[in-house]
Amino acid sequence: MQEATFLILTALAAGSQHGYGIITDVEQISIGRVRLRAGTLYTALDRLRSDGLIEVDREEIVESRLRRYYRLTPTGAERLAEEADRMRSNAHVAISRLEMSGGVSTT
Amino acid sequence: VSDSTQLERRYRRLLAFYPKAFRREHEQEMLSVLIAGAAEGQRRPSLDEAIDLVSNAILMRLWQTCTKLFVRPSYEYRHRHLLWSVRFVASLVLFSIGMFVLAYGSWWALPFLAAAAARFFVGYRIYQATKTSLPT
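Chains A and B supply the protein sequences, listed in that same order.
Mapped onto my numbering, the consecutive letters of the first sequence carry residue numbers 66 to 172.
Mapped onto my numbering, the consecutive letters of the second sequence carry residue numbers 1456 to 1591.
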């Protein structure tokens, strides 16, 4: 799973959000490191939706502009959980090996 | 013409690079996002934005072209068991010829082996296709 995909799914894990909300949330989650652009975001959303990982929650018109809210599907939540588990176990191994070598302190 | 409508028109021009179906589905919400991200009084898309929009559009079109190559006529799916056997035997024959030619140390073996692999791959893909993924 690409990092952008992982961050988008994470942004939707707590509840539904619209496009611009996802962009600002992803920026926050990644501590300012990842700023998604519209083309990348919607290419990813389109693919995630056809893969059944997300779905449209509702639509609103705000100041005559369309806002479409997306939410995680049960399959999407499952995939995100699997990926998070995998990353945690990898990170755990990396940290413990670094500590074993006594070279770097990670705290 | 006000700054915002000028900006919107320029964004629309960039969105025109995307495939029609994608635009029908996402153009309005993408415009919302692009306008929401624009600075006060901004009149043209930034270079980063333009590159992001156009490069994603080109990749999407390329990807669609590639997947279209794997969409076979529907009769192939109806007779997929028979066609799988035919392609399997054909790939075995081509593979044998390829190995025979290879034994003589000739590079002419490569096209035979490639053709064998292609027949095997296409045949198996179609054979594997489940009822749900059959074209209607």
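Just to be clear, a hint being listed does not mean it is correct.
[Claimed, not checked] Subject to a maximum C-alpha distance of 20 angstroms in a straight line, what follows is the list of computed DMTMM-like cross-link-like pairs (lysine to aspartate or glutamate):
#1 1523/B - 111/A
#2 1475/B - 111/A
#3 1475/B - 1495/B
#4 1475/B - 1463/B
#5 1523/B - 116/A
[What the hints assert, rightly or not] Pairwise CB distance ranges, derived in the manner of DEER restraints:
#6 1516/B - 129/A: 42 to 50 angstroms
#7 1565/B - 96/A: 47 to 55 angstroms
#8 1523/B - 126/A: 54 to 62 angstroms
#9 143/A - 1569/B: 35 to 43 angstroms
#10 1536/B - 127/A: 49 to 57 angstroms
Worth flagging that the hints you see were computed from the coordinates, not collected in a lab.
In this text the structure is predicted, and so the values were computed from the model without any measurement.
The beta carbon of each residue, even a glycine, is placed where N, CA and C say it ideally should be.
*asked:* Does the beta carbon distance between residue 143/A and residue 1569/B stay inside 35 to 43 angstroms, or does it fall outside?
replied: holds, 39 angstroms
*asked:* Need the status of pair residue 1475/B, residue 111/A: alpha-carbon distance at most 20 angstroms?
replied: holds, 13 angstroms
*asked:* Can you confirm whether the C-alpha distance between residue 1523/B and residue 116/A stays at or below 20 angstroms?
replied: holds, 18 angstroms
*Starting from the hint 54 to 62 angstroms, judge whether the C-beta atoms of residue 1523/B and residue 126/A obey it.*
Since the Cβ atoms of residue 1523/B and residue 126/A sit about 35 angstroms apart, the hinted range of 54 to 62 angstroms is violated.
_Cβ distance range 42 to 50 angstroms for residue 1516/B and residue 129/A, holds or violated_ = Once the Cβ atoms are compared, 30 angstroms apart, the range 42 to 50 angstroms for residue 129/A and residue 1516/B is violated.
_Given hint residue 111/A paired with residue 1523/B - CA-CA distance at most 20 angstroms_ = Status holds; Cα separation ~18 angstroms.
*For the pair supplied as a hint, residue 1475/B and residue 1463/B, is the alpha-carbon distance within the 20 angstroms limit?*
Answer holds: residue 1475/B to residue 1463/B is near 18 angstroms, not above 20 angstroms.
*Mind checking the hinted window 49 to 57 angstroms against the Cβ distance between residue 1536/B and residue 127/A?*
The hint (49 to 57 angstroms, Cβ to Cβ) holds, given that residue 1536/B and residue 127/A are roughly 54 angstroms apart.
_Quick check on a hinted range of 47 to 55 angstroms for residue 1565/B and residue 96/A, using CB atoms only._
Holds, at about 51 angstroms.
*Does the alpha-carbon distance linking residue 1475/B and residue 1495/B stay inside the 20 angstroms limit?*
violated, 30 angstroms
Hint check: violations occur at hints 3, 6 and 8; the rest are consistent with the structure.
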